[in-house]
Structure formats: C-alpha cells, structure tokens
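A.B. asks: Here is how the chains run, residue by residue.
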Amino acid sequence: MKHALSALISICQREGLRFFGQTGRLVAALVRPLIWLFVFAAGFRAALGLSITPPYETYITFETYIVPGLVGMILLFNGMQSSLSLVMDRELGTMRLLLTAPLPRWWLLTCKLIAGALMSVLQAYAFLAIAALYGIRFPALGYLTVAPVLLLAAFMVGALGIALSSTIKQLENFAGVMNFVIFPMFFLSSALYPLWKMAEASALLHDICAANPFTHAVEAVRFALYVQPNWFALGVTVAAGLVFMGIALWGYDPGRGMVRQKAGGPAGS
Amino acid sequence: MSGLSVRNVTYHWGRHRALDEVSFDVAPGAFCALLGPNGAGKSTLFGLLTGLFRPERGKLVLAGHDMDRATRSALAVTGVVFQHPTLDLDLSVWRNMLYFAGLQGLTGRGMRGRAEAALARLGMEERAGEKVRALNGGHRRRLEIARALMHDPQVLLLDEPTVGLDAPTRHDLTAHVHALARDEGLSVLWATHLTDEVAPGDHLVIMHKGRVLEEGRTPATGPALTAHFLAMTGRAVRADEAA
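Protein sequence lines, in the order shown, are assigned to chains A and B.
Numbering-wise (numbering that gives the first Met the number 0), the first sequence opens with residue 0 and increments by one.
Numbering-wise (numbering that gives the first Met the number 0), the second sequence opens with residue 0 and increments by one.
Extracted from the complex, chain A is given alone in its bound form (with noise of 0.2 Å):
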C-alpha cells in the first residue's frame, strides 16, 4: 500500500513538474477555451436564443451556456495531451522505466491517469478563474462541488486517451487519432448547443449527441457548477470511464505481446 502510494505521488510530482517547467503550457491551454469564450460566443450571443432548461432557471447568455462545455474542452485536450505524452515516453524510452516499476500494471497506468486529471482540473480551475473575472459566475459552493466531477470527467476522457495509445505505434499517427476524435467528440456534445437544439437541427444529430459520453461529463459538469447533481450524466462518465480504462488495460497487457511495440520495440532484434 505504502508502495504503490509513493508511486502515485512520484508519479503525480513528475508530471505537475513538467507541468509548471514549462513556461507557457498553462497560458497555451487556457487561450483555445478563451477565444472561444471571448470570440466565438460574444458574437453567436445575439444569434442563439436559449430557453430555460435545467439546471437554469432563468433565461442565460450563450457565454453562460458555453462554460461548462469549454470546461469540458480544457479536460478532452488535455486527457489527449497527457495521452500523447504516454506515446512520447514510450518512443523515449521512459516508458518502459514506468512499466518496469514492480508494481502492478493496472496501478500505474491509473497513477499516470490521475496525474494528469489532477492536471486537467488544475487548468480548468484557471480557467473558471478568468471566466469569473469576465462576469460568468456560477454559486460559490459550485466552484466545490465541481470538483470530483471535474476529476470523473477528466478521468474518463484520460482513459479514453491511454486506450486509445494503448493502439498506436508512433507520434505521427497519434495526431491523426486526435483530430478523429477530439474533435467529432467535442462538436458532437452539448458543449456548444443544447441537446434540444440540436435536435431541431436533426434527431441523428441530436441521437449522437446524446450517446456521446463526452456530452454527458459536460453535462455533470454543468449541473455540478449548479450544487445539482445529474446522476444519469455522472453514471454514464463513470461507466464510459470503466470501459475505456478495460480497453487501456487490455490494450497494455504484456501477455498479448502488443505492449512490446509500444515500449519501444526491441531494437536490433
């Protein structure tokens, strides 16, 4: 027990080390969600009519609809990100320091998972941060309730990440995969429209919206800033969180052989 703890916090100090070592990374995440905050929905405000649905209830800005899905966004970027460092550890090489550690595989694939979810909250709460100096606030016992949802959410989409790297080889396919997912799972979500609206759009629109796990953790996440808890959206985050860490952990398994390309392979043999 004692082990596998002083791994995890080596683990988690490593990557906020990296983290804060690199000047600019926290500034560079925030700006994509900014811009969207600032740009994007000050100018569709006038365009969008939003009707009050829960967990509002009153009429809102489209602003105010947009920051849990941005939120939303910081955790999807940067769960692939941490998912993309994986891939560069194990063409590192560091991987295989991880993989080697005598413990057991599942807990230090989850340890790295937490790290970067404590990571992705981090930068979320910057992020709520500047939103709040901007006049978007939400309840202050949100801002704590927030918190473990936060930390679910960031975890399912981390998962999400690890499994699917568990699958590629190198660097340069793994930014193709983003673009295939990242995004088809962002704009495909209720982070930027509501599930009605997109209904009236068209009902497979809206039907895929709303079998897109990545909807109902900024849907959690929306109700959370609210104190309400959503506990259809928190169960579906959860559940997709299990299966994508299932698909890591197979996708890991030193039994199946794969693993050994993705630690690098046996050069020279």
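Honestly, the hints are just simulated from the structure, not real lab data.
Positions of the beta carbon are idealized from the N, C-alpha and C atoms, including for glycine.
Possibly wrong hints are sitting among the right ones.
A few chain A residues that face chain B, going by a derived Cβ cut-off under 10 Å, partial list only [stated by the list, open to error]: (1) H2; (2) I8; (3) I10; (4) L16; (5) G20; (6) Q21; (7) L97; (8) P101; (9) L102; (10) L107; (11) A202; (12) L204.
Since chain A is already given, all that's left is putting chain B on it; use the hints.
C.D. replies: Below, chain B alone, put in the same frame as chain A:
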C-alpha cells in the same frame, strides 16, 4: 538461489524466431557478457527479463524469483539500464532519482540517503541539481546506472549501455560495472556487440540469430576474442546458408 537463470526461452516476432531455446546461467557476483551482433536477440531477451512481455516458452529466474509467477518480486531485485535512454530530460538529475525511488517504493530520508549514495558511487553527486538535458552522453549513462543501483538490486541488466559513448567513457563504465560485480556481489548481464568490453574471467554467452552459440568462461580477450567471435558468428551464418 540467486543470480540469473534463463531456461529454454523461445520468442517470435510474427513469423521471425527472435529467440530459439535460449538457456544460460549467471552466478551470483559474476559479470556475464552477452555478446552478439545486431539482430542476435539480445534486446528481445532484455524485454522478457524485464517483464515487458512474456516468453512463449521457457523460464526466467532472477535472484530466485520466477519472472512469470512472481514478476513483481523479480523486478524488485533487478536493476535495469535499457539500450535507449529512459531519463526525463526536462527534470534535474536529483528529480530523476526521486521519481525512480518513488516507483520502487522508497520514501523519506531513506530514499534521499540512497539517492545520494547512488549518485556518489558513480561520481555524479555534484551534478544533482543539473537538468539531464545539460549532461553529456557519458554522464547520462552514469546517471542511469546510479539510478538502477538505488534500490540495492541483486541482478543488474544492461542492454548495450555504452552505445554512442567515446572510448575512454566506455572503458570507465565497463570497468566500474566489473568492479560492482566483483566487490558487491551483483550478478551482471551486460549485452554488447563490442568484444573489448569483455574482461578476462568474465562469463561469456555468444548469441547469434536468437540462439546461444557458446557459453562459458571467456576463452580470450582483445583481438583474439574478436577473431573467435567472428569465427563463431561467421560459422553460424555459413551453417544457416547450408541449411
């Protein structure tokens, strides 16, 4: 029983047989040079010895721990230096040591003491605060060896650890690891394709195309060993072609 035992290990990469019934032993405190040209199967064997993947057939025992049945116990008594560097270039030497210590379950003052001692052993203590990126190739390798020794392993595995290093640095590292085996009773498996890294009295395993061609005490060193190695591997090539 301690030391290292490889018994009838076979492994394929697709249809290619990378290891074919490989067997040899390394006694406690022995320095075993695993000599083989590129493609001999050395790195595949290291992948199996470090649990990155499992052999299709055969048995690997490290310091008395069966790699298949007691993987974690086997890894806990093994220090590894991989062929490709596994250091985090963006962290300091000290942070790299602490990261590894955490993975090994070392904590608190004991961890710091061990990290300091390991760095001192390899003459790296004054570089503790430097970023790994700023170190030259020789110092990076020293750091990897220091790190691999931090948890007091009984078996030390090094996969072509001198690749890319200049001759004096290669000589220093080879001599140092020989001393570790002699003075501290470590069982060392040192994979290389360079015959000048083999010292008199070393245990020698010559591999070629996934098979052990010869095992035993080093018959010679220097140019004589080079000639012997070339004759062995050349003979194996001719036998393959005839078959």
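A.B. asks: Each hint: holds or not?
C.D. replies: Here's how the hints hold up against the structure:
Because the smallest distance between the Cβ of H2 (chain A) and any Cβ of chain B comes to about 3 Å, under 10 Å, the interface hint for this residue holds. Interface restraint check: I8 (chain A) against chain B, minimum CB-CB distance 6 Å, threshold 10 Å, status holds. Interface hint status for I10 (chain A): upheld, as the beta-carbon distance to the closest one in chain B is roughly 7 Å, under 10 Å. At its closest, the beta carbon of L16 (chain A) sits 6 Å from a beta carbon of chain B; the interface hint therefore holds under the 10 Å criterion.
With a cut of 10 Å, the hint placing G20 (chain A) at the interface with chain B holds, because the nearest CB-to-CB distance is about 6 Å. Interface hint status for Q21 (chain A): upheld, as the beta-carbon distance to the closest one in chain B is roughly 7 Å, under 10 Å. At about 7 Å, the closest approach between the beta carbon of L97 (chain A) and any beta carbon in chain B falls short of 10 Å, and the interface hint on this residue holds. Here the hint on P101 (chain A) is kept, as its CB sits about 4 Å from the closest CB of chain B, short of 10 Å.
Interface hint at L102 (chain A): satisfied, since its Cβ lies 7 Å from the closest Cβ of chain B, which is below the 10 Å cut-off. Taken as an interface hint, L107 (chain A) checks out: its beta carbon lies about 8 Å from the nearest beta carbon of chain B, inside 10 Å. Proximity of A202 (chain A) to chain B is violated relative to the hint, the smallest CB-CB distance being about 47 Å (cut-off 10 Å). The criterion of a C-beta within 10 Å of any C-beta in chain B is not met by L204 (chain A), whose closest approach is roughly 43 Å, and the hint is violated.
Against the hints set out earlier in the document, violations occur for numbers 11, 12.
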